[in-house]
Amino acid sequence: MAPSLQFCSNSYFNVLIVLSVTMISSVTGVGVNWGTMATHKLPPDNVVKMLIENGFDKLKLFEAEESIMAALIGTDIEVMLAIPNYMLLQMSQDPEAARSWVDANVTSWSYPGGVNIKYVAVGNEPFLRTYNGTYLQSTLPALRNIQNALNNAGLGFKVKATVPFNADIYDSPDTNPVPSAGEFRPDIRDLTNKIVQFLYSNDAPFTVNIYPFLSLYGNDYFPMDFAFFDGSNNPIRDGNLVYTNVFDANLDTLIWSLHKAGYPDMHVIVGEVGWPTDGDKNANIVNSKRFNQGLLRHVLSGKGTPVRKGNIDVYLFSLIDENAKSIAPGNFERHWGIFEFDGKPKYELDLSGLLEDKGLVPVEGVKYMLKRWCVVDPEAENLEDLPNNIDYACSLSDCTALGYGSSCNHLSVEGNASYAFNMYYQVNSQKYWNCDFSGLAMLTDKDPSDGDCQFPIMIDCGYSLAQNSGISDVLLRIAGSYMLYLIMY
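Under the numbering used here, the residues of the sequence shown are numbered 53 to 541, in order.
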């Protein structure tokens with residue numbers, strides 16, 4: 053079982069509120085990913101209450117965190133749990149370890165009135181090219197051992213093990229870039245076919261993560277309108293079929309790949325799909341709402357893709373921003389949420405897909421730290437130390453909003469420094485000694501935010517990594533040195 057994490061006080065009264073809320077107009081076919089890589093986390097009870105009030109009835113988690121599982125008791129929200137990649141080797145080599153994991157994280161919650169666990173995700177994108185084959189040998193044995201453990205626990209008839217793959221495991225040749233030419237990558241084709249066979253034999257779905265944003269992010273020549281769902285001047289023609297968006301083209305490339313593997317009717321789940329709101333020139337509120345609203349309208353319309361009709365089973369990525377995620381893929385990685393870090397909706401989104409301007413219900417009962425910010429002292433001297441201090445602050449906090457094309461990219465050098473200083477101060481829970489920076493900083497009760505760039509105040513009731521495990525242990529993964537270049541030039 054995952055270790056218990058410290059959030060805000062989770063009272064029995066709050067749990068009763070969650071259990072008593074009536075599920076409103078469930079969002080059939082649409083779930084959401086809830087990641088928790090944040091320095092200050094919202095109380096799980098409050099988040100689960102928000103999920104129910106917004107009508108989400110499917111939830112995908114990246115680990116089986118005990119406090120989250122406890123908050124889900126009795127809600128009937130359908131849950132996909134996950135086993136992290138770092139556990140795959142152990143799960144592949146030791147059936148007893150797989151049994152113990154299932155007992156602790158599935159069986160212990162699967163009782164009448166407990167948690168409605170539907171799937172176990174074995175790893176996350178384990179065949180991603182950037183992993184250089186690290187998990188190729190362990191994924192299938194781990195999948196087998198987990199499903200066998202579920203079967204032996206008497207749960208295999210209702211809880212299925214699956215593997216969320218990245219869409220880079222299949223493609224079409226450059227000479228014929230259409231969905232019908234799609235196949236699994238030659239270097240992993242035999243192994244992928246074996247996994248598909250195992251999934252199919254256990255009535256488990258094939259899960260894939262599809263990111264149209266990354267198609268645009270990685271290719272300056274990619275037609276922007278093809279990333280969205282409101283028509284394209286650059287459609288793809290595949291025989292008699294016409295594709296006006298990359299989501300359908302990508303998904304049908306998978307359908308054809310499964311067809312060629314001998315499984316044309318394989319159940320497919322889109323495990324992650326969404327659009328970030330910051331950290332890149334194309335990552336903003338307007339584009340995110342355009343994509344996510346178009347996606348919901350499309351997947352719930354029943355039209356399906358040109359090859360496969362019907363509603364499409366998807367999980368939005370993601371629920372809440374995560375300020376401690378690795379930014380190796382890009383600064384946008386911390387800004388996928390449809391809700392801010394504090395549970396406020398970023399924009400109106402009609403989860404029914406009917407294109408009504410409906411406001412999302414926020415997380416209620418959020419408590420904040422004092423209205424206090426750390427900024428550059430206008431009377432400070434020795435400004436030659438400013439670059440090093442900015443670099444230090446960004447390396448141990450979150451300065452992704454300062455990057456090119458991001459929401460705070462317009463700030464002056466002093467503004468950049470104030471933003472960096474404040475982020476460091478906030479993620480370290482407003483400890484006064486974290487607002488010094490060689491005498492260059494000062495505390496203020498005047499909000500330095502402007503219309504586009506918000507200087508956040510952390511939530512007070514969340515789980516603080518800074519207080520409990522050391523912020524540096526979590527945020528040292530950030531490449532602070534190159535962030536200095538982004539914000540100074």
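One should not assume that every hint holds.
The calculated DSS-like cross-link candidates involving lysine-lysine, where the alpha carbons are at most 25 Å apart (straight line), are [what the hints assert, rightly or not]:
no., residue 1, residue 2
1, Lys312, Lys355
2, Lys341, Lys396
3, Lys396, Lys361
4, Lys396, Lys423
5, Lys333, Lys423
6, Lys312, Lys246
By construction, these hints were calculated from the structure, which means they are not laboratory data.
Do the hints match the structure? See the list:
1. Lys312 x Lys355: 23 Å, holds
2. Lys341 x Lys396: This hinted pair holds, its Cα atoms lying about 15 Å apart.
3. Lys396 x Lys361: 35 Å, violated
4. Lys396 x Lys423: 17 Å, holds
5. Lys333 x Lys423: 30 Å, violated
6. Lys312 x Lys246: 13 Å, holds
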